Each structure stands twice: as structure tokens, then as C-alpha cells.
Amino acid sequence: MTLTVLAVDDSRTMRDMIRMCLVPAGFEVHLADDGVHGVEVLEGIDPDAIITDINMPRMDGFGFIDAVRKQDDHRATPILVLTTESAPELKQRARNAGATGWIVKPFDPEKLVKALTMVTG
Numbered sequence: 373m374t375l376t377v378l379a380v381d382d383s384r385t386m387r388d389m390i391r392m393c394l395v396p397a398g399f400e401v402h403l404a405d406d407g408v409h410g411v412e413v414l415e416g417i418d419p420d421a422i423i424t425d426i427n428m429p430r431m432d433g434f435g436f437i438d439a440v441r442k443q444d445d446h447r448a449t450p451i452l453v454l455t456t457e458s459a460p461e462l463k464q465r466a467r468n469a470g471a472t473g474w475i476v477k478p479f480d481p482e483k484l485v486k487a488l489t490m491v492t493g
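Numbering (the working numbering), first residue to last: 373 to 493.
If you are wondering where the hints come from, they were derived from the structure by calculation, not from laboratory data.
Misleading hints may appear alongside valid ones.
The calculated lysine to aspartate or glutamate pairs, modelled on DMTMM-like cross-linking and capped at a C-alpha distance of 25 Å, are [said to hold, decoys possible]:
hint	residue 1	residue 2
1	K483	E457
2	K483	D420
3	K442	D432
4	K483	E461
5	K486	D405
6	K477	D438
7	K442	D420
8	K483	D388
9	K486	D388
10	K477	D388
11	K477	E457
12	K463	D420
13	K442	E461
14	K477	E400
Predicted model, so just to flag it, every value in this text is computed and none were measured.
Whenever a hint applies, use it, and build me the whole structure from the sequences.
This is the structure:
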């Protein structure tokens with residue numbers, strides 16, 4: 373079974389790295405460059421998991437998580453935060469918004485695949 377992932381990050385390099393890490397592992401990867409774009413892309417797909425950055429223009433990761441959680445179809449979709457931030461209060465804020473997990477950049481591709489496999493269980 374192919375798992376579908378939506379990755380939202382304003383860095384083209386990071387989006388490319390996520391795709392290069394996940395596609396060979398058998399994931400179907402959809403990309404968006406900020407939270408607003410992420411919500412738009414989400415309308416056309418039904419991902420098994422979502423990866424989002426926190427610091428992005430137009431709509432940050434917290435706003436994006438909120439927007440996703442307000443949609444009935446995506447209330448339970450696992451959301452992994454992939455960010456350079458590591459402050460406990462930000463992790464708590466992400467959890468409160470509805471994030472499933474937190475991975476600090478730079479990420480280990482193997483750990484990202486493992487985390488996605490775990491949350492999509």
C-alpha cells in the first residue's frame with residue numbers, strides 16, 4: 373500500500389529533500405510552499421500523514437495545523453512538525469494545536485520514514 377504524504381515547507385531545498393527521502397521509500401509525496409498553499413493542496417488529496425514547517429510566510433505551521441484540524445476529513449490525520457525550532461513551549465503549542473509529533477531539522481531521512489510509518493501505523 374502506498375502512503376500519501378503532504379509536505380508543507382517554504383524552503384524549496386527542504387521540500388526537495390523530503391521528496392528525495394520519501395519517494396524511494398514508497399511514499400506518494402505532495403508539496404506545498406506555505407500554510408495557505410497547503411490548505412489548497414489538501415482540498416484535492418487525502419493524505420495518510422502531513423509534514424509541516426512552523427516558520428513560513430502567509431500562514432505559519434500553527435495556523436496550518438489549526439486549519440487542517442478544523443476539517444472533518446483531517447481531524448485524525450497525523451501531522452509531523454519538521455522545523456529548526458526545538459523550544460519546549462513551541463512543541464507544546466504545536467501539540468495543543470493538534471500536531472502528532474515533532475522532528476528537528478536537519479532531519480535523518482531514516483528517522484523521518486520511521487516516524488511516518490509509525491504514525492500511519
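Check your understanding: Which numbered hints does this structure break?
Key -> none
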